[in-house]
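In order, the protein sequences belong to chains A and Y.
Residues in the first sequence are numbered consecutively from 0, following numbering that gives the first Met the number 0.
Residues in the second sequence are numbered consecutively from 0, following numbering that gives the first Met the number 0.
In short, the hints are calculated from the structure, not lab data.
Treat the hints with caution; some may be incorrect.
[As the list claims (entries may be wrong)] Pairwise CB distance ranges (calculated):
#1 A:Gln16 to Y:Lys661: 49 to 57 Å
#2 Y:Lys314 to A:Pro307: 20 to 28 Å
#3 A:Gly336 to Y:Glu493: 53 to 61 Å
#4 Y:Glu390 to A:Arg361: 25 to 33 Å
#5 Y:Lys620 to A:Glu76: 48 to 56 Å
#6 Y:Lys620 to A:Lys29: 40 to 48 Å
Quantities reported herein were computed from a predicted structural model and do not represent experimental measurements.
No residue lacks a Cβ here, since even glycine has one placed at the ideal position from N, Cα and C.
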Amino acid sequence: MYNFVAIEEEALRGIAQAVTSQALDALRIKYLGRSGLLAGMTASIPSLQALERPEFGKNVNLLKNKLQDAFNKKTEELKSSKPCVSQTLDWTLPGTLPRQGSSHPITQVMDEVCSVFTRMGFVIVEGPEVETEYNNFTGLNIPLEHPSRDAFDTFYLKEDNLTGKPANWQTGKLLLRSHTSPVQIRVMKKHKPPLAVIVPGKVYRPDATDASHSFMFHQIEGFLVDENVRFSDLKGVLSAFAKQLFGESIKMRFRPHFFPFTEPSAEVDISCIICGEQKHREGLRVRGQGLNDKRRPLPLREEQRQCPVCHGKGWLEILGSGMIHPNVLANVGYPKGKYTGFAFGMGVDRIAMLKYGINDIRLFYENDLRFLKQF
Amino acid sequence: MKITYNWLKDFVDVRISPEALAEKLTMAGLEVVSLEKFQDDYVFEIEITSNRPDWLSIAGIAREVAAVTGKKFAGLRVKGKGLAVKREAPKEPSLSIVIQDKKDCLFYSARVIRDVKVSPSPAWLAKRLEAIGLRPVHNIVDITNYILYATGQPLHAFDLDKIDGGGVIVRKAHEGEQLLMIDGQNRKFSSEVLLICDDKKPLAAAGVMGGKDTEVTVATKNILLESAYFSPVRVRKCARLLALSTDSSYRFERSVDIAQVVSSSDMASSMILEFAGGSLGGLYKSGANKVPQTSVNVGLPNAGRLLNDNLTAPKIKDLLSPLGFEVCLAKKDNLRFSVPAFRQDVQCEADILEEISRIYGYENILVTLPAIKPQEIKEDAGICARKKIKEILRAVGFSEIITYSLIGKDFLKKAGLFEEQCVSLANPLSAQQEYLRPAMFPGLLEALRRNQELENNPELLFELGNNFDLKGEHTSLCLLAKGKNFLEAKGYLELLFIKLGIENYKFGPCSHSFFAEGQAADLSIAGKSYGFIGRVDTQALSRYKIEGGDVFVAELKIDELVREAVICRKYKPLPIYPSAQFDISLIVDESLPYKRILDEIASCGIRFLQEIDFKDLYRAKELGEGKKSITLSLLFRSNERTLTSEETMGFVGSIIKRLNEKLGAAIRK
Numbered sequence: 000m001y002n003f004v005a006i007e008e009e010a011l012r013g014i015a016q017a018v019t020s021q022a023l024d025a026l027r028i029k030y031l032g033r034s035g036l037l038a039g040m041t042a043s044i045p046s047l048q049a050l051e052r053p054e055f056g057k058n059v060n061l062l063k064n065k066l067q068d069a070f071n072k073k074t075e076e077l078k079s080s081k082p083c084v085s086q087t088l089d090w091t092l093p094g095t096l097p098r099q100g101s102s103h104p105i106t107q108v109m110d111e112v113c114s115v116f117t118r119m120g121f122v123i124v125e126g127p128e129v130e131t132e133y134n135n136f137t138g139l140n141i142p143l144e145h146p147s148r149d150a151f152d153t154f155y156l157k158e159d160n161l162t163g164k165p166a167n168w169q170t171g172k173l174l175l176r177s178h179t180s181p182v183q184i185r186v187m188k189k190h191k192p193p194l195a196v197i198v199p200g201k202v203y204r205p206d207a208t209d210a211s212h213s214f215m216f217h218q219i220e221g222f223l224v225d226e227n228v229r230f231s232d233l234k235g236v237l238s239a240f241a242k243q244l245f246g247e248s249i250k251m252r253f254r255p256h257f258f259p260f261t262e263p264s265a266e267v268d269i270s271c272i273i274c275g276e277q278k279h280r281e282g283l284r285v286r287g288q289g290l291n292d293k294r295r296p297l298p299l300r301e302e303q304r305q306c307p308v309c310h311g312k313g314w315l316e317i318l319g320s321g322m323i324h325p326n327v328l329a330n331v332g333y334p335k336g337k338y339t340g341f342a343f344g345m346g347v348d349r350i351a352m353l354k355y356g357i358n359d360i361r362l363f364y365e366n367d368l369r370f371l372k373q374f
Numbered sequence: 000m001k002i003t004y005n006w007l008k009d010f011v012d013v014r015i016s017p018e019a020l021a022e023k024l025t026m027a028g029l030e031v032v033s034l035e036k037f038q039d040d041y042v043f044e045i046e047i048t049s050n051r052p053d054w055l056s057i058a059g060i061a062r063e064v065a066a067v068t069g070k071k072f073a074g075l076r077v078k079g080k081g082l083a084v085k086r087e088a089p090k091e092p093s094l095s096i097v098i099q100d101k102k103d104c105l106f107y108s109a110r111v112i113r114d115v116k117v118s119p120s121p122a123w124l125a126k127r128l129e130a131i132g133l134r135p136v137h138n139i140v141d142i143t144n145y146i147l148y149a150t151g152q153p154l155h156a157f158d159l160d161k162i163d164g165g166g167v168i169v170r171k172a173h174e175g176e177q178l179l180m181i182d183g184q185n186r187k188f189s190s191e192v193l194l195i196c197d198d199k200k201p202l203a204a205a206g207v208m209g210g211k212d213t214e215v216t217v218a219t220k221n222i223l224l225e226s227a228y229f230s231p232v233r234v235r236k237c238a239r240l241l242a243l244s245t246d247s248s249y250r251f252e253r254s255v256d257i258a259q260v261v262s263s264s265d266m267a268s269s270m271i272l273e274f275a276g277g278s279l280g281g282l283y284k285s286g287a288n289k290v291p292q293t294s295v296n297v298g299l300p301n302a303g304r305l306l307n308d309n310l311t312a313p314k315i316k317d318l319l320s321p322l323g324f325e326v327c328l329a330k331k332d333n334l335r336f337s338v339p340a341f342r343q344d345v346q347c348e349a350d351i352l353e354e355i356s357r358i359y360g361y362e363n364i365l366v367t368l369p370a371i372k373p374q375e376i377k378e379d380a381g382i383c384a385r386k387k388i389k390e391i392l393r394a395v396g397f398s399e400i401i402t403y404s405l406i407g408k409d410f411l412k413k414a415g416l417f418e419e420q421c422v423s424l425a426n427p428l429s430a431q432q433e434y435l436r437p438a439m440f441p442g443l444l445e446a447l448r449r450n451q452e453l454e455n456n457p458e459l460l461f462e463l464g465n466n467f468d469l470k471g472e473h474t475s476l477c478l479l480a481k482g483k484n485f486l487e488a489k490g491y492l493e494l495l496f497i498k499l500g501i502e503n504y505k506f507g508p509c510s511h512s513f514f515a516e517g518q519a520a521d522l523s524i525a526g527k528s529y530g531f532i533g534r535v536d537t538q539a540l541s542r543y544k545i546e547g548g549d550v551f552v553a554e555l556k557i558d559e560l561v562r563e564a565v566i567c568r569k570y571k572p573l574p575i576y577p578s579a580q581f582d583i584s585l586i587v588d589e590s591l592p593y594k595r596i597l598d599e600i601a602s603c604g605i606r607f608l609q610e611i612d613f614k615d616l617y618r619a620k621e622l623g624e625g626k627k628s629i630t631l632s633l634l635f636r637s638n639e640r641t642l643t644s645e646e647t648m649g650f651v652g653s654i655i656k657r658l659n660e661k662l663g664a665a666i667r668k
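Please work from the sequences and hints to get the whole structure.
What follows is the structure in structure tokens.
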């Protein structure tokens with residue numbers, strides 16, 4: 000039959016040991032629930048002898064009350080009690096960092112630059128790395144026999160084993176593109192203005208690799224073609240871009256230059272982000288240093304007592320630009336005189352090096368995780 | 000090109016300081032890359048753009064300085080007495096000049112100067128040459144160098160007595176002809192090289208470099224002074240073939256001013272007479288030293304629009320005339336300018352507009368923002384999808400790397416790839432960059448090894464870039480996972496598919512030369528293969544010197560794969576009725592692929608079976624020889640009512656029965 004003492008003991012022990020209100024509830028249901036133990040006991044009264052019933056009933060009630068009390072007390076206790084084993088938080092311990100991946104700094108800079116332009120309404124277009132001589136040179140008004148070609152030395156593909164040109168490479172002599180400008184030709188041949196396009200991508204030049212040169216690097220090209228595009232528009236777009244990338248306080252300078260595919264052309268400088276616009280001078284001796292020019296490596300001539308980034312010039316060259324040459328517009332089949340446009344290009348590796356203070360371009364392609372994870 | 004402050008003052012009255020001048024030059028398009036003091040002078044190093052050969056001389060730059068400082072250009076002249084030089088008829092027997100092909104040499108002049116005393120140059124001359132980085136030799140050579148830098152016309156002096164016969168021939172070389180040149184090297188010429196020759200032998204590579212035998216030395220008495228116009232294309236070809244680049248070839252390649260050829264010779268002769276003595280012989284010429292006058296039209300509205308300013312005709316004239324452009328025709332909205340002979344680079348309106356902008360000053364042009372209108376181009380969907388892939392991988396712990404696209408034989412060999420399947424370069428910089436990579440995974444393995452050597456504990460790497468093969472260029476994604484098991488590695492791929500909304504992908508057997516049998520799976524969608532995932536075997540790991548546990552690599556062609564991506568998801572209504580879940584653990588043969596179990600369950604045709612989840616794969620001796628245990632979770636649900644437990648148990652029962660019958664699967668207790 001029912002051993003009231005044992006049941007009471009077990010129940011009270013269970014209640015005392017309960018640490019959560021869920022556990023306590025489960026226990027309550029077990030004993031005091033509709034199909035719980037005590038209900039079962041009550042239901043069994045009719046099966047007893049008449050004489051045993053009053054005693055039995057009294058014991059059940061006593062048990063019920065005792066357990067009820069114990070449950071209520073414990074419920075209160077759980078509600079108001081402080082955590083049993085209180086562990087003070089040691090907030091000076093380092094947190095456990097979740098696993099982190101990383102995005103390559105070149106990707107980050109390309110994304111940032113592209114987003115500045117897409118916000119202005121430019122559309123991102125990409126082109127193949129293997130290009131035709133026409134798109135890379137001739138179409139861009141770079142004659143094959145002219146010394147201006149020297150600035151654009153390129154890798155040519157060996158065509159003996161290319162039996163039948165691959166489908167996604169156009170016909171003509173093939174090379175690895177030396178700039179992203181060929182995409183201008185591709186886009187303009189296919190589409191009519193208005194056009195505002197931004198082109199990120201890899202480019203290749205047979206330059207000996209050193210701290211500021213790599214045979215493979217990244218560029219971003221942009222161009223805008225419409226009716227009545229002006230030089231002032233070029234200045235405006237590039238100023239807006241430079242300020243968004245480098246900060247509102249930088250100054251800008253547009254210097255006449257020469258590119259075969261733009262006329263007039265300009266190189267765009269920003270005030271040195273390290274030393275500002277002040278040019279470092281020592282009396283009359285200005286030992287300035289040519290900016291990292293991808294066309295010709297300029298050896299450093301003395302220790303960098305001056306600003307290590309601009310070498311005393313106070314200006315950093317970041318972009319080449321200009322109004323698209325009428326010959327280029329003619330080559331893509333636009334009616335003469337109808338459209339004008341501007342184009343610009345920048346070296347992403349160089350911009351990233353300026354922005355992050357990286358001093359060696361080779362770090363981008365050595366993929367040392369200690370470098371990559373810094374960004 | 001280097002110039003000096005004092006030398007410049009020979010041609011234009013410069014009053015501003017060297018620094019201020021450097022600033023002005025830079026802002027006019029002559030970028031001053033360095034300014035240094037040299038004794039009592041200042042040396043500017045200027046980067047000359049390739050379209051302005053007229054700037055390859057101090058006079059040319061002085062003309063520019065005059066234009067931007069508002070001073071007068073003094074014209075071509077030289078220091079010294081300026082002895083009158085007559086171009087009279089020769090007294091002695093005529094020297095004949097023969098030009099074989101006019102296309103190679105439009106004009107050639109040779110002046111005889113007799114009884115010169117070859118000796119050191121005067122101090123001021125030597126100093127000027129030193130300032131610009133040249134080494135003084137003796138008065139004759141120094142004067143030719145001086146004139147080259149002063150006027151831009153390269154000159155060459157021959158020892159007249161070493162020339163055989165009565166004349167000079169300008170002709171292409173006979174194949175194999177050779178000449179010992181001034182730099183001490185003996186060179187053989189192809190028939191593409193243009194030479195200056197006498198009756199018997201070559202004397203010089205025209206416009207590039209002279210021969211040693213006819214060089215002017217201290218023993219020379221009589222000289223022949225050459226001043227000519229050689230074809231830019233021909234000289235460029237010769238210089239490239241001979242692998243030479245000299246001050247002379249550099250200028251001829253870019254075209255010298257043909258109108259100055261004789262006057263430069265005059266100036267040099269005058270200096271020679273003054274500093275080396277001697278007497279003038281005759282001046283012998285062949286060809287025409289004139290080029291047709293060209294002119295270019297400028298539309299005033301075009302100029303106004305470009306500069307965003309109201310430019311009047313007088314204003315434009317003022318801007319351009321200091322540069323040598325004169326108006327030859329004026330109409331209401333149009334000006335026609337004659338182009339000076341030394342500005343062969345100006346050929347169209349855009350070129351004149353650039354000149355106007357330069358002198359107007361780029362800094363004076365306003366800043367405006369254009370209205371960027373909606374355009375017909377739309378961004379390719381692949382760009383967004385690729386960005387998403389990078390974000391997903393970064394979020395789950397992958398580090399993005401970028402490896403070189405150019406690789407060598409070694410790269411291919413280690414990876415079990417073949418040269419025949421690769422595109423190669425005609426002019427690689429080195430043997431390590433001979434080919435365009437057909438795959439990225441070898442590069443990732445190398446990156447893994449390098450990072451291991453640096454003790455960076457690399458685990459998850461990826462690269463998204465282009466591969467190249469005989470079929471063309473393809474964008475691919477390559478993943479590398481170290482320290483993960485196969486299902487985890489596969490899981491990364493499946494995560495990408497889920498996030499991109501690609502559903503009907505299939506993994507199947509793959510035979511790839513890099514992986515051992517059964518260690519790689521092929522990924523396909525609708526029967527088309529997109530790539531693979533495989534375990535790198537221990538031999539390959541040791542080839543790459545990679546240590547530690549399993550390495551899995553996956554490489555997929557991304558271009559078309561992202562087109563399978565579902566851009567817009569569709570909402571699926573949430574279930575109303577509860578599900579019933581039941582786990583079963585089956586003991587099956589080791590070799591049984593999981594898919595067979597799924598197929599058999601599917602063929603039971605239970606429509607209320609909504610999900611089958613793979614829970615666990617268990618191997619232990621107690622299961623028996625050649626057996627493994629797979630635990631599945633079966634989820635049943637009806638969309639119309641709550642299923643009863645009898646029904647559910649019935650389904651489970653029929654599934655177990657079928658698996659037992661068809662696959663010999665037993666239930667694990």
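Is the hinted range of 20 to 28 Å satisfied by the C-beta distance from Y:Lys314 to A:Pro307? violated, 44 Å
Can the suggested window of 40 to 48 Å be confirmed for the beta-carbon pair Y:Lys620 and A:Lys29? At 41 Å between Cβs, range holds.
Verdict for A:Gln16, Y:Lys661 (Cβ pair) under range 49 to 57 Å: This hint holds: roughly 51 Å between Cβ atoms.
Starting from the range 53 to 61 Å, see whether the pair A:Gly336 and Y:Glu493 falls in it by beta-carbon distance. holds, 57 Å
Consistency of beta-carbon spacing, A:Arg361 to Y:Glu390, with hint 25 to 33 Å: At roughly 27 Å between Cβ atoms, A:Arg361 and Y:Glu390 fall inside 25 to 33 Å, so the hint holds.
Mind checking the hinted window 48 to 56 Å against the Cβ distance between Y:Lys620 and A:Glu76? Holds, since Y:Lys620 and A:Glu76 (Cβ atoms, about 51 Å apart) stay within the stated range.
Hint 2 from the earlier list is the only one contradicted by this structure; the remaining hints agree with it.
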